[in-house]
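Chemist: Produce the complete structure using the sequences and hints provided.
The chain contents come next:
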Amino acid sequence: MGLKNVKLVAIFIGLLLGMSNVFAADTSVATAKQVVDKFQSELIAVMKNGKQLGFTGRYDKLHDSVANSHDLNKIARIVVGKEWEKLSEEQQKKLVDVFSRLSIAAYAHNFKEYGGEAFTIDSEEETTRGGVVVYAHLSIPNDKDVKFEYHLKETDKSWRIINIVANGVSDLALKRSEYTSVLQRAGFDTLIAKINEKIDNYSKL
Amino acid sequence: MNKRHSGNSKRLNTSLIALIGALSLGGCATTSVEHQTIASKDDPYESINRNMFTFNDTVDGYLVKPMSDTYKWVTPQFVQTGIFNFFNNLKNVDVIINDVLQAKFAQSAEDTGRLIVNSTIGLGGLVDVAKDVGLKQNDEDFEQTLAVWGVPRGPYLVLPLLGPTTARGISGAVLDTAANPASYVGAPIQLVSWLNTRANAQGSLDFVQEGALDPYVFIREGYLQTRDYLASDGKSQAALDVDNELDDNKVVVKNDSAASNKANHTLRLSSAEQTADSFNGVTRSFDETTKSFENANNKIDELAKQRNSNKLQKAK
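Line order of the protein sequences matches chains A and B. According to this note's numbering, the residues represented by the first sequence are 81 to 285, in order. According to this note's numbering, the residues represented by the second sequence are -15 to 300, in order.
Be a bit skeptical, because a hint or two may be false.
With a straight-line Cα cutoff of 20 Å, these simulated SDA-like cross-link-like pairs (lysine to any residue) come out [as the list claims (entries may be wrong)]:
| hint | chain 1 | residue 1 | chain 2 | residue 2 |
| --- | --- | --- | --- | --- |
| 1 | B | K120 | B | F68 |
| 2 | A | K192 | A | T270 |
| 3 | A | K224 | B | K25 |
| 4 | B | K25 | A | E163 |
Hints in this document: simulated from the structure, not taken from any laboratory. A quick note: this is a predicted structure, and the numbers were derived from the prediction, not measured.
Modeler: Here you go:
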C-alpha cells in the first residue's frame, strides 16, 4: 500500500471516528456539566428579562429549568432528615409539592435583575460515591466572585443537582437544620404554613 | 416588624455568604416558634442564645436600624464607600499579622502591598486603589489563626449587641480588636464604622427575613459554615456530608456521643446555669489560646514546612 493510500485510510478512519463522536453526542444524555451549564444559562436569560417578565413570568420560565435540573423530590426528602419516615404518604407528597414551589419561587425572586453577572464553569470532579461536583463561579461587576459547587447525582439516567454550596455554605445543610428545627419545635402543619407564607411573600416583593 | 426594603435587594442574594460575616447584630428574628429546646452539638446553649437573639433583634428594630437608616439617608454613597474603604484598609494590619501567624508569607507580602498602596496613593485608605490594580483582598483574622493552630471552636454563642460568635471567636475578636488601629480612635469614629457596617448588612438581613423559615437557625448555620470555610481557606467542609445524607437519610447528622451527652447535660441546666456554663467554655477557650501562643514559633515553622511540601507535591 502506497503512502497515499495509507493517508486516505487514515483520513477515512478519522472521519468515521469523528462521525461516531457526533452520533455519540447526539444520543447520550446530558453530562453533569451540561446540566449545570444549561441551568445557569437559563437563569441568566431570565435575569436579563427579569423586569418585563415580572415574578409570575420568571416563575413560569424557571419552573421547567429548575424541575429538570434539580432532584427536588430527593432534596425535599433530605431536608427533613429522619422526620421523613414519620410523615404519612400524603404529608410527604404535600411537602415535596410546597418545597418545589418554594425553591422555584426563591429563584424567581432572587434572580430578578441583570447587572452584568456571568457564570463560568471552572472544573468538575467525580466523587467516590458516583456523584459529580461541578465547580463554577459567578462574576459580579465591582464585587467579589461567588464560588459555587453543584453536587449532582444520576437519577433515572439523568444528572440532577442535589446540593449547591455557595462560598462554603451548603444550601442542603442549611435547609436541613432549618426544616428539622421547625418540624421538631412546631410540627408539620406549621412547617407547611411557613413555607406557603414565604412563597406568598416572594410573589409580593 | 416589617423589615423589607426593596432598595437594597438589587445585589444578587448569592452574595449573602460574604455578608453574613457582617452580621454583627444578631439580625431580625421572627420568634414565634414555640420554645422547646432541641439538642445540637454545635449549639448547646440554644435556649439562652435564642433569647439573646430576640433581644438583639428588638434593640436593632427600635434603635440601631433607625440610626443606620438615618445614616444612609444623610450620607452620600461616595462617602459611605470611602468610610468602608478606610476601615477596611486599617483592618489589613490585622490581616497581615495573621498571614504571618499562619505562615502564608507570600500572601502577607500581597496584603502589605495592599496596605501601602491604599494608605498612600489611596489617600489614607479612602480609595481602594489596590482593587483597581488587581491586588485581591485576603480575609484573615485571629479566629482563623486559632482554628489553623488547632484550638477547638467551642459552642456557638449569641452575645448581647455583638451577635453570633463561638468560644474561640471571642478570643479571636479580642485579639483582632487589639491588632486593628481603628480600635484606638475615638468613640464617634467607632460609631460611624459601626453604622456603616450595619447599613452594609441590610441586604443580607433582608435576605434572611425573606427566605428563612427559622431566622435563628439560618444565621447560626450560615455563620458556622462561613467561619469553617474561611478557616479552611475555601476547602468547604459542609459539602462532604452530601453523600452520607443521600443514604436514605440513615446518616443524617453525625452525632458523636460525647457531644450529644454534653448537649443533653446543658439542656438540664437552668438559664443562669447555662450562662455560667458558657462562660466556663469561653474561659477554657482563652486558656487554650494562651497555650497555643506559647508555642507560636513552632506552629509557624510547622505550617511553613507543610505549605512548602504541599507546593512541592503539586509541582511534581
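Chemist: Are the Cα positions of K120 (chain B) and F68 (chain B) separated by 20 Å at most?
Modeler: holds (16 Å)
Chemist: For the pair we were handed, K224 (chain A) and K25 (chain B), check the Cα-Cα distance against 20 Å.
Modeler: Not OK: K224 (chain A) and K25 (chain B) at ~33 Å, beyond 20 Å, violated.
Chemist: Are K192 (chain A) and T270 (chain A) close enough, with their CA atoms no more than 20 Å apart?
Modeler: violated (29 Å)
Chemist: Straight-line Cα separation of K25 (chain B) and E163 (chain A) no greater than 20 Å?
Modeler: holds (19 Å)
Of the hints listed earlier, those the structure fails to meet are numbers 2, 3, in rising order.
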